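Q: Residue numbers (my numbering), protein chains in the order written: chain A, 1 to 176; chain B, 177 to 389; chain C, 390 to 690.
Keep in mind the hints are simulated off the structure, nothing from the lab.
Every value quoted in this text rests on a predicted model; they were computed, and no experiment measured them.
Even for Gly, the Cβ is constructed at its ideal location relative to N, Cα and C.
Example chain B residues on the side facing chain C (calculated, C-beta under 8 angstroms, incomplete):
hint, residue
1, His212
2, Leu223
3, Arg227
4, Glu229
5, Ser230
6, Pro251
7, Tyr256
8, Arg257
9, Gly259
10, Thr265
11, Gln268
12, Asn295
13, Pro296
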Amino acid sequence: MSTPFDNIKTVFRNAEVKPQRQDLYHLSIPKEQLVALVTHLKEVEGYLHLVQLTAVDWIEKNQFQLTYILNNPTKRLDVMVKTFIDRDNPTMDTIHHMWEQAATYQRELREMFGIDFPGSPRVDKPFILEGWDNIPPYRRDFDTKKYAEETYFPRPGRETNDPKEYMKKKLYPDEI
Amino acid sequence: MSKSDLEKRTVMSPDGEPIEINPLQDYFCDAHPKVHEPVLPIFEKFLNWARSESLWVLGFGTGCGAIEMRPLMTPRFDAYRFGIQWRPTPRQSSVFIISGYLSVKTLKRVIRSYEQMQNPKFVIALGSCTINGGMYWDSYNTIKRLDHYLPVDVYIAGCMPRPEAILAGFEKLKELIRQGKGEGANLYAQNFDWYKANQKKIIKDWDMPDYNW
Amino acid sequence: MQFELKHITYGLLTLFIVLNYGLILQGIMPKIAARVGRRYGIRWYQPYIDIIKNHAKRSKITHGIMYYLGPVFRLSGGIGLLMFMPVIFGSPYFGNFSFAGDLTLVLYFQFFGVLGMALGAGESGHPHSAIGVSRGLSQVTALELPLTLGVISIAMQYGTLRIADIVAAQQGGIMNWTIFTNPFAGAALMLSFLGSMGRAPFDVVLAPQEIPIGPPTEYHSGFLGILQLNRAIFPVAKLILFMNLLYGGATSWPELFIKTFFIYLWSVFVGVAFPRFRVDQSVRWFLGVPLLFGIIAILLI
Chain A
1 MSTPFDNIKT VFRNAEVKPQ RQDLYHLSIP KEQLVALVTH LKEVEGYLHL
51 VQLTAVDWIE KNQFQLTYIL NNPTKRLDVM VKTFIDRDNP TMDTIHHMWE
101 QAATYQRELR EMFGIDFPGS PRVDKPFILE GWDNIPPYRR DFDTKKYAEE
151 TYFPRPGRET NDPKEYMKKK LYPDEI
Chain B
177 MSKSDLEKRT VMSPDGEPIE INPLQDYFCD AHPKVHEPVL PIFEKFLNWA
227 RSESLWVLGF GTGCGAIEMR PLMTPRFDAY RFGIQWRPTP RQSSVFIISG
277 YLSVKTLKRV IRSYEQMQNP KFVIALGSCT INGGMYWDSY NTIKRLDHYL
327 PVDVYIAGCM PRPEAILAGF EKLKELIRQG KGEGANLYAQ NFDWYKANQK
377 KIIKDWDMPD YNW
Chain C
390 MQFELKHITY GLLTLFIVLN YGLILQGIMP KIAARVGRRY GIRWYQPYID
440 IIKNHAKRSK ITHGIMYYLG PVFRLSGGIG LLMFMPVIFG SPYFGNFSFA
490 GDLTLVLYFQ FFGVLGMALG AGESGHPHSA IGVSRGLSQV TALELPLTLG
540 VISIAMQYGT LRIADIVAAQ QGGIMNWTIF TNPFAGAALM LSFLGSMGRA
590 PFDVVLAPQE IPIGPPTEYH SGFLGILQLN RAIFPVAKLI LFMNLLYGGA
640 TSWPELFIKT FFIYLWSVFV GVAFPRFRVD QSVRWFLGVP LLFGIIAILL
690 I
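So here's chain A without its partners, still in its complex pose (with noise of 0.2 angstroms):
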């Protein structure tokens, strides 16, 4: 099956594409060669939209997962460009210099999940937690429920059901 990204494979030989929709492509890249891969997706394919970048915290493969969304308003094409950094060490190159509203994504992703993005305009500066001083909160092993439980004075009294078990015992009482 041919799909548009074949010729990638000619200049970046590490990539690995996966359609996954008939307007959706995944591409996995290492982390180093992926600023040159969205530069290359930008440039020369005509993917001018940064769609979104977010993360994944992968805590069992102590990895994060980097995605980049873009969008090709031309072709009505997306692409998902991946890419896996080590969680110990979570660095990652800026593309601040292709879209300047990725610097805010990057900024939240360092006050979230605690990666840095070197030469970013103003990622050191607190986004919407000011004056945070525990783990990042979007990091797996941050109990937010205990932490809410510890800062935020519960209301005695609040009852919590599994929805699942509350509604089968509500509309199937006979069953149980």
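Chain A is fixed; fit chains B and C onto it per the hints.
A: Just chains B and C now, with coordinates in the frame of chain A:
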């Protein structure tokens, strides 16, 4: 204004003379808030009636509930007929509506705005988020109980409460004011240290004076 | 004019009547505008409650002496405008302190209030108050141009600067009113009147909901109460001025109420029918057609 602008420092005047400035003291007042006792009861009753019939709301939408306040101005609900108006500045308004979830960053701005309002002032809290956290019950950044940080007069439950419920909440607030129970500002001044300790517990980079009017 | 105690008494009585009339107008006119939008609108006595409430606020703070003087200047601008005008024509009592050159003074007082606000707001320390004040001043300056040209045209027409004489010349039938004898001056005055009433389309300068940087941002409690008193007196004083200049004045209070009500209604009518101007647009508008009318009025006399 960034945080470093508020630090005590020495600057050069245009004449070339070094002057010491301390913005927190020069621009803000750190005086303890005063308790303003009600005047003569018969007089106070009349004034409370006037206060209850002229509720000026601070236009500050903190969360998703702000979208439920807009319909109140439309022909369908028309809150103006109850003497409710929206004012742009905390100085002139007497009712603060906390509309929904309140993150720590917003709470800081809310406290500043609340302290700039003039006594007597009232707080209406919308939605279950302000009561016990609501759907943000395990969030790392959303407060759970508003009454630990500000004195709340009326809670309106719901997620979000519809405009009818908000109008009912306004009626309840009017009732409380007429009964002389709308003393939130004095409560805040009396228990100032407790409120401040709670606020400082979660606002970690406290870069404003303790009491900023 | 001989000074007597009864002048003060009748002056205060005029002030009292005008204040109440202004407050009731302030309640009724938004109600009319609300009914156009199919709302029920505020209660007609709502301005009274607001003033009582603002004076009943327990705490107030100050930013220095000019901050106190801002509302005072503004209120004295309103009262001054009212006191130096013959309110009821032919009445020995409600002529108040009008004198031979009162038209000039009245024109000055139109501007006085805004200047006072500028001083007070500057003292309040609000970083954006200068923007708000300069916006207000630029609009007032623009609308003063057609207003002044129209007034000069009327003064030349009747050969006097005394309002009482202008009113006297218009007696004896509707066709003697200035709006019919000097229609271009009348048009220039009525168009600039729209701007000075501070209703849409010219209310961006004092629409604090849209731009929270207007001059009254920092004013609260009793200060705001004084500003509200002025907002009741000042429009009525202006209405009386326009009634005197264009519509033959009034010989009794009921006539005054009817005439001023309809003059006010004109600005409300325009306000509910047209969208807002930005400040630069309104300045350009005032320097267009109204200014042209003013120049024609001067040339035709």
